[in-house]
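2 protein chains.
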Amino acid sequence: MRAVDVIAKKRDGHELSTEEIAFFIDGFTADEIPDYQAAAWLMALYLRGMTDGETHDLTMALVHSGETLDLSDVTPLAVDKHSTGGVGDKVSLVLAPLVAACGVPVAKMTGRGLGFSGGTVDKLESIPGYRTDLSVKDFKKQLAEIGIVLTGQSADLAPADRKLYALRDVTATVESIPLIISSIMSKKLAGGAGAVVLDVKVGTGAFMKTMEDAEALAHGLVRLGTQAGREVVALISAMDQPLGWAVGNALEVREAISTLHEGGPRDLREHCLAVAAEMLMLCGKAGDANAALTLALETLSSGAAWQKFRQMVEAQGGDVSTVDDPEKLPQASIVEPVPAPRSGYLASSNAVEIGRAVVALGGGRDEKGLPIDHRVGVLVHHKVGDLVQEGTPLFTVHASDEAKLRAAREQVLAAHVIGDEPVQPLPLFYRRITA
Amino acid sequence: MRAVDVIAKKRDGHELSTEEIAFFIDGFTADEIPDYQAAAWLMALYLRGMTDGETHDLTMALVHSGETLDLSDVTPLAVDKHSTGGVGDKVSLVLAPLVAACGVPVAKMTGRGLGFSGGTVDKLESIPGYRTDLSVKDFKKQLAEIGIVLTGQSADLAPADRKLYALRDVTATVESIPLIISSIMSKKLAGGAGAVVLDVKVGTGAFMKTMEDAEALAHGLVRLGTQAGREVVALISAMDQPLGWAVGNALEVREAISTLHEGGPRDLREHCLAVAAEMLMLCGKAGDANAALTLALETLSSGAAWQKFRQMVEAQGGDVSTVDDPEKLPQASIVEPVPAPRSGYLASSNAVEIGRAVVALGGGRDEKGLPIDHRVGVLVHHKVGDLVQEGTPLFTVHASDEAKLRAAREQVLAAHVIGDEPVQPLPLFYRRITA
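Line by line, the protein sequences give chains F and X.
Start counting at 1 in the first sequence, then tack on 29, and there's your number in my numbering.
Start counting at 1 in the second sequence, then tack on 29, and there's your number in my numbering.
Only chain F is shown next, with the shape it has when bound in the complex (with noise of 0.2 angstroms):
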């Protein structure tokens, strides 16, 4: 087999073999295939599209490009979430520890941010200490001894699409659903997962701009879960405006804490709560919807699933003084409050501009690799729909420099429309797709 005769093939719209997909993905990661012919042949995957049976040859090509992670000497059935990135997006921060305390054992590796959207293992640094690249053999003693893990994406699991992706990154070849979906399910394949619900947002903050787009990914991913044997849910949630109030790294850790404290926004509060309901359900913790929401509601009031992220964070090597009192995690040294500009109806909270305006704050990254300031930020005092008075705080913004502050309030102010007629407040869930 010769790998330019695999790319003629997808060229040409045929459909590949199993053997052409895992001939293409062996011969990429051991160096064979070199960079040139695997960006020919994704850019043809890309254009030509690809069948559910491609996606899933290429998924597990993936998946056994590296180890595999067995939790079945920890938990009958690991249980799992995946977000597709947006703004604000912290749910996993109160969602694991929640799950978790529910008695669900919870093995999370979880990535960071690129872009406009952030990622969970730079919020987690925020917290001085915490550990965010545990071994496999920590991973599971940990999951062991209390349940949870919280960590970075382990380099052993799905060697393969990490290499993929950063090829993707420079070929324009990121925004292919079928290329997503292996990319996400070979990660959650790799790591263990018997049950996973999927977060697929949709909206300016997300990386599916429509509906149809989004549509399109989650049906893929229930399709290519349930092909893999894997019991999977999707739920396609709203991100055109932030999810809650804060939007950089330590400021999201402070509203995670908030929310497991029984305070934090409404709508992220929520959003966790409908997440940790499908994956009680997945699991088989809770019988219905009714019962997996009672579960939740009263685990997060108990304080449980705070006493369980507060026990994480100490396994993980952080520094449990922050986290008992968030005025200790890392503060930007600029925090202005800035004043809605006139009176109304918030109609927009352009989440894709506040996230940039984070990254220009120096709070995200436009490449991989490079350091983020944890403690800049923005924090949103309003959400769409919402009556807003001149002169009171539209949101306020956390900055290391008087430049960098000046930018990001013009930037965030742009992002905001406030207009003469009532807004209706923006849903948090659209729709739940199952196999």
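Calculated directly from the structure, the hints in this document are not laboratory data.
Source: prediction; values computed, not measured.
Hints should not be assumed to be uniformly reliable.
For chains that are exact copies, the list does not tell them apart, and a pair is met inside one copy or across any two.
Listed below are the simulated DSS-like cross-link pairs for lysine-lysine, each with C-alpha atoms no more than 25 angstroms apart in a straight line [claimed, not checked]:
no., residue 1, residue 2
1, K192, K38
2, K357, K192
3, K166, K412
4, K38, K238
5, K412, K238
6, K38, K397
7, K170, K397
Knowing the structure of chain F, use the given hints to seat chain X on it.
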């Protein structure tokens, strides 16, 4: 400007600007844009297609990647010819001296064979001592002195085309009509051609398999040349069976020499005369087709074309005794005529299969840079439509060893189809396309 954005723009089907194309080719030539980005871009160009404007801009960017020849001190209008390649195509060996002997300076850079398709440089190198690596200085000096040069493509002209072609070859992006157009025309324009006759082959032994593709290529070449201010004519010619009888390097040189002596196969002779007439008209040496053909015929009959060929071989260091007595050209150790297995009408003499058989004999290469055996090849003794008689020679194999002989015999036998019904001969040319 960022390479990834230019890739994404083409990926999404938008037309690239002159600046974007120049940015990409300049960056690629300077190794600032890596192969993997160029590969993704090429696949996007392949699958999304290119407008005439983009094809022109790409051609010009390739031209400007290196030196351009100015032949105006030697000739007011340099005329060139390009064939898209085929099996048994030794036209340049006859045509160049024929046109030069008519008093029109011919300065031609030509290529090597790849796959089933032969190359003029390889054929010329059958002549012991013949140099195909003239410097630009020697090239112009010889053109001024004797009015003819036939050499390899200079690495200084359109170097980006060479680099891009090497990448296309391994990324399944060769067979794109706009990419083929820009590759051909960039070399012709950089070589200083003011007028070009394009011999676009169509058939099993050509890169263009269908008339639709050949016409698209021919029209595209003519439009591009005209847009670039050149006189251009394209001929669409048949390449279902080998041109002439000989396939293989030294065998083809012998056949070209016969043709210059008024022998040789009729189809080759007519093909050369027709293309010569086009060149004579394009550069104003003849006012109409009748005058052009008359001049070409007289020049061939008079022996002047042969003398010009001989003069060129001498000027470029070739051993003249081997062209004076072609028996002295390199000869294969095994020469075996293969009889027709039955009587009947020759319905097919499959050019690509015969071309591949010669590659397998060692007379061609499947990968650039590999050496070849100039002695080996196949002589076909019949053209499609001929009535052949069982037991009389159908073709002759020239081989270096018995195993290769046997393989070639089977392959070339299978390439010949003899039937009961009379078959029409194939045409030489299908269409003539002008601006």
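* Against which earlier hints does the structure fall short, listed by number upward? -> 2, 3 and 7
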